[in-house]
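Enquirer: Each chain, written out:
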Amino acid sequence: MSEDVIIRPKTRWMLPAKTADISKNRLYREIAKRPGFQVCLLLLGILVVAAIFAPYISPYDPEAISVKDKNQGISSAHLFGTDFLGRDLFSLTLWGARTSLLIASISVAIALIFGSAVGCVAGYYGGVVDEVLSRFVDLLLAFPGIIFALALLAFMGAGILNLIIAITLSQWAIYARLMRGQVISIKNLEYVQSAYTAGLPDSRIMTRHLFPNAVMPVLILSTIDIGHVILSVAGLSFLGLGIPPGIPEWGSMIGAGKEFLRTAPLNVIVPGLAITFVVLIFNYLGEGLRDILDVHKDQVNIE
Amino acid sequence: MTLLSVKDLNVCFPTGEGIVHASRDVSFSMESGEVLGLVGETGSGKSVIGQAIIRLLPTNANITGTIAFNGQELTTLKDDAMHALRGRVISLVPQNPSGSLDPLVRNGMQIGEIFIERGMTKNTAWDKACDLLVAVGLIPSDRIAKEYPHELSGGMRQRLTTSIAIAEKSCLIIADEPTKGLDYHARETTARVLSDIKTRDNVSLLLITHDLYLAEHLCDWIAVLYAGEIVEIGPAGQIFNTPRHPYTQALIRAMPKNGLVPLDGQSPSLMAIPKGCCFADRCSCHSEICSKEHPDLIQESLNGGVRCHHPSCN
Amino acid sequence: MHYYLIKRFGFLVLTIIAASALAYFMLHAVPGETAENVARHTIVGIEDDVSELVKAEISSKYNLNDPIWVQYTNWLSGLIFHGDLGSSYVYKDTSVMTLISLALGPTIILAIASMLIVIVVGIPLGMYCAVHENRPSDLIVRGATILSISFPSFWLALMLILVFSLTLDLLPVAGYGTPANIVLPAVALALHPTAVVIRIVRTSMLETLGQQYITFAIAKGLSFGHILWNHAIKNALIPVLTLLGVYFGNLLAGTVIIENIFAWPGIGNLLISSVDARDIPVVTSCIVVIVAMFLIVNFVVDLSYHFIDPRIRYE
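Those sequence lines, one after another, are chains A, B and C.
Take the first sequence: its position 237, counted from the start at 1, is 220 in our numbering, and no numbers get skipped.
Our numbering runs 162 ahead of the 1-based position in the second sequence.
Our numbering runs 1109 ahead of the 1-based position in the third sequence.
Treat the hints with care, as some may be off.
Said to hold, decoys possible - Simulated pairs of lysine-lysine, DSBU-like, Cα-Cα distance not exceeding 35 angstroms:
{"#": "1", "chain 1": "B", "residue 1": "Lys331", "chain 2": "C", "residue 2": "Lys1343"}
{"#": "2", "chain 1": "B", "residue 1": "Lys437", "chain 2": "A", "residue 2": "Lys16"}
{"#": "3", "chain 1": "B", "residue 1": "Lys240", "chain 2": "C", "residue 2": "Lys1343"}
No lab work stands behind these hints: they were computed from the structure.
In isolation and in its complexed conformation, chain A is listed as follows (with noise of 0.2 angstroms):
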């Protein structure tokens, strides 16, 4: 390690702040200069229109046993092998695609959109109010990671609807906390104190003036917790706790293949590499949004 590493500081020469603008046409600017965040968008467009025309494009029935031809190799009749059960795993993978985003999106998009708003109502009023719903969204976050949704299975079961209310209810305090954050951050601003004293219904400032001005750095949380939801979902399933059995998803699919991991290791490695593959994606495509809309480096990570 040279010195000259270190010896010079490390700040930059900044221009003054410019207003926070986050025009259309900045964005798409921005969006040009990145091409790895173009060539993620664009992966990501691939990957939903295969997950919604999966029964057209897959070459196989995805249920179709054939013991005959179980855990085959890579050929070309075969592009990802052959399960255990002799099912395609191509196919199996692309209509696991379906239930991950489809699920994925789904409880994030509810959590979202109920977190934001129990955040914003908590911001905004402020006094009690604030007090009992931060509490409660403070209770919720002291369950760590997927022990809460775990919790709900448990006692609810399997099942796709369960596994949505399960994550939904385990995630939306996250929106909560950070969109009370943001509310509270700009009630006090010029627009909203001069809305206020013009007489605007609670209900018009929200929606008009607090929630589009708030929700920035939400949908950037958004992006990234897409990411996340898919690991847990995966996992979940991976136990037998998500999805029942019958329905294509990477997780149970790993969980099933697991016992012919010495013998067939494409059972276990073809679903693995799906979920790192998309969860890449979302991963990639939160930083990138982050960095565009320049919000405050890793914070949105940290919770």
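Since the structure of chain A is provided, determine the placement of chains B and C on it from the hints.
Expert: For chains B and C alone, coordinates are given in the frame of chain A:
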């Protein structure tokens, strides 16, 4: 003998929005034991000059020109040789003392660590630090040494950073805006501490300030900066009594004791320097040539010079 | 300070109790079903309908006929006054406390081992990246971290088994007892938080290196090593500490899956097997224990600031 000689110093910063010309064609020299004041408003590039001398500019700075210190060229000096000069031969009293003190280190250790680095024991270093605190009037020194920076007032922090600058017998002390953000009383104390330093053996002081009172009080020489270049340089008495550049005149008129006459307009952006005289837009006696031709710093006598097409026009 | 400590501690206890209530109500919400489930899992030979008689017997044995809040109050007072968490439905009426105390040790060992990896690998690598900002080594490590946070930890665990146990035959597939057993689960568990810590340490370190006190330390003539150790690292690690507390929670949650894969006899394994067996008292207790561990670690992290950052004085 000439201690420091700066010639044609140019500093610019490439940024996403364009190139910032923070300092242009700055030349001056200092003798041992002298005090030179660099005065100018915020954004006139005066701090950049101090940082360029002690080589603490950010990594993206682009520097040309020469800085000769005791006959040694600083701009091309090897990093470790430069490092050996810092704190020992050239010291800095930093701008913003609050941000310049490590919040997790006791006041005594902020000074003492310098001596520990030089091989002293912890106890000797601590005692020497306490002596220095006394020297800048931070009493009772043993209590203050045990406290943390956040427990001091702004003026006391300023004195603490000053005491760090005089910890070793440096030949040159660069004081960067030592009175910025201080109240009247703290300013007085800082001025007293700095003039104490001045009377010490052969220390030269490069005083970077926008505080004309302080400059008048302390400096032997004054260089007035505007938009990154020196517009007038000369002995302090001459600058304050017979200013020749319209900007210097305006600055002096703006001092409270002279009636607080404000100067209209804004200095040009450092990213878009005008072709002619930088001050032309705001000058009461500008003529056609001012907006066409950039004036040179005219050396009228041994006692400095002025960068103006119509010097002493008011 | 004492007042603050007592207040914080009181709040900690209240949160744990509230969390236990939430977990308890969530899991005991449907009383009739509970008795039926217990019967199905404990009495051999019951296939279709569980007779009302059996249900009633089980219900009265575990006081399932009381209103749920009475059950909860009894459970809580048992915990507070007798250190009793009730008895398991499945493990032949073993006390839950016994099961938990047997499982707690392995989980704490695994969590500490992983946390050590996170700290020993994450912090130095984060520092290294900051000091070598935007050089090839920094870019490689950053690329590796974004890849690492995208791996599902349970899949990574299986891949580790595939490579190091099944193919190279270096480490045991699963089990508990020897030091070799802990390597794979600890690594699998640590990867995700390590990647996050690298990124956060890097950011924090870069921010610290840009501070004026670092510039001034250079102007003082201090050496590179001195500035790094005595000024930069200390200041950069302060915000990281809070996050280590938060990530300890994720690590605890992660043990649930990882312990299951490696047959590690900890809380996570106990939790999953109890969920499978619908052994509600054990599930509730495991969840409460995990939440309590998470909250206690964060409480300790909070208090430790008092000793690290002189600016913080609790009134």
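Enquirer: So if I understand the rule, the pair passes when the alpha-carbon distance is 35 angstroms or less; does Lys331(B) with Lys1343(C) pass?
Expert: It holds: about 30 angstroms lies between the C-alpha atoms, which stays within 35 angstroms.
Enquirer: With a cut-off of 35 angstroms on the C-alpha distance, tell me whether Lys240(B) and Lys1343(C) pass.
Expert: Roughly 29 angstroms separates the two Cα atoms, so the pair holds.
Enquirer: Please verify whether Lys437(B) and Lys16(A) have alpha carbons no more than 35 angstroms apart.
Expert: holds, 33 angstroms
Hint check: no violations occur; every hint is consistent with the structure.
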